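K.L.:
For reference, each letter of the sequence shown is one residue, going 1 to 378 in our numbering.
What the hints contain is simulated information worked out from the structure, not anything from laboratory work. Don't take every hint at face value.
[Stated by the list, open to error] Restricting the straight-line Cα-Cα distance to at most 30 Å, the calculated cross-link-like pairs of lysine-lysine (DSSO-like) are:
{"#": "1", "residue 1": "Lys53", "residue 2": "Lys64"}
{"#": "2", "residue 1": "Lys226", "residue 2": "Lys189"}
{"#": "3", "residue 1": "Lys174", "residue 2": "Lys226"}
{"#": "4", "residue 1": "Lys333", "residue 2": "Lys189"}
{"#": "5", "residue 1": "Lys54", "residue 2": "Lys333"}
{"#": "6", "residue 1": "Lys204", "residue 2": "Lys189"}
{"#": "7", "residue 1": "Lys226", "residue 2": "Lys58"}
{"#": "8", "residue 1": "Lys54", "residue 2": "Lys64"}
{"#": "9", "residue 1": "Lys226", "residue 2": "Lys311"}
{"#": "10", "residue 1": "Lys333", "residue 2": "Lys53"}
{"#": "11", "residue 1": "Lys333", "residue 2": "Lys64"}
Values in this document were obtained by computation on a predicted structure and should not be read as measured data.
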Amino acid sequence: MGIKLFLTACSIAASKLKEHSVSTITINHVAERAGVSITTVSRVINNEPSVRKKTQEKVLAAIKELDYQPNLSARNLGSAKSYVMAYAYDNPNTYYVTGMQNGILEASREQGYGLLIHPCDSSSEAINDELRDLVRRSRIAGLILTPPLSEMETVTETLQELDVEFVRILSGEKLEGQAENSIIVNDRKAAYDVTEYLIGLGHKHIAFFSGEEGHGSSTERLEGYKAALSNHNIPVNDALIVPGEYSYESGDMRARDLLSSSTPVTAIFGCNDEIAAGALHAARLLNISVPDQLSIAGFEDSPYSRQAWPKITTAQQSNSTISHSAAELLIDKMRPQKSLPKKTRDAREDVTRKIGPDDRLYTPTLLVRDSTGPAPTI
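Please construct the entire structure, taking both the sequences and the accompanying hints into account.
P.N.:
This is the structure:
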């Protein structure tokens, strides 16, 4: 099941309150400073809309002045509602996972939630039982899922059976049918843009190094690549579509094989930056100049693309921005609304308006660097 790393969005405050001469600030101190009840302070902390604006401002001012940070464990024990969300993933890309974690953690801190990081093996036959155990034992209020977990119907069905809120980060083109609980990354459009840029440089022999077939992003990026070729009347050459893994080693190995063969190739488009960086390494070993003899492009704008020499042209994707939006959407879904008066519910913005289309549909943008140039004559 992997090692669980519990990250809490709220640490125990250690500031000193002069007039009380105590080492820890509590909710009682906040209530006294704001001149309200402890219950009112709790309602403000929990973002309940029933508190008047003036009262809310007084409580927030007291919290800021005293540097009060709620004790998440006590908060969970004292409430029937859980204030812990989980991020479940199966992805060997450290930079991808770190970016996702950072965005979720930032959003959870802003809203007073804890975060449980749960790496797992999506290919395991026991994956659904594992998630059931995670939700029940850890009192999870909601989960954020990234590919390939987010793309597995059995996982979605399991979470629906548990009646737990969840948000999926998926690869796709539109929000249709997915808006309610998903953040969509338009990998296809971004891959189209990268390929079209290479075509604009005169490249007609563009290789595509795919990622694992189990990831929707691999399929979407391949479709974007094919669409760009087709729209510019360039035949798709199956010999230039090379399957593999989302890894540096896979990019290196595939580039060595392809560049040592008789297949004409003037550019390589890696399905992520690790693949592209591996291909760049292979070109260097084979004494192929980049970009004079070979252009290389990647996807995601990870440190692999920024730290390479030359720096790699890529599709810039902010994983922390994407996951921050996912966490905001999940938190909004987790907030209890049925118990509120109808007038109050009607006055609140619903999920589809609060987390608007621009936040739920994300398209990576082309970022041109030194690894791409005009196509050589072959």
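K.L.:
Which hints from the list above does the structure break, by number from lowest to highest?
P.N.:
The structure breaks only hint 7.
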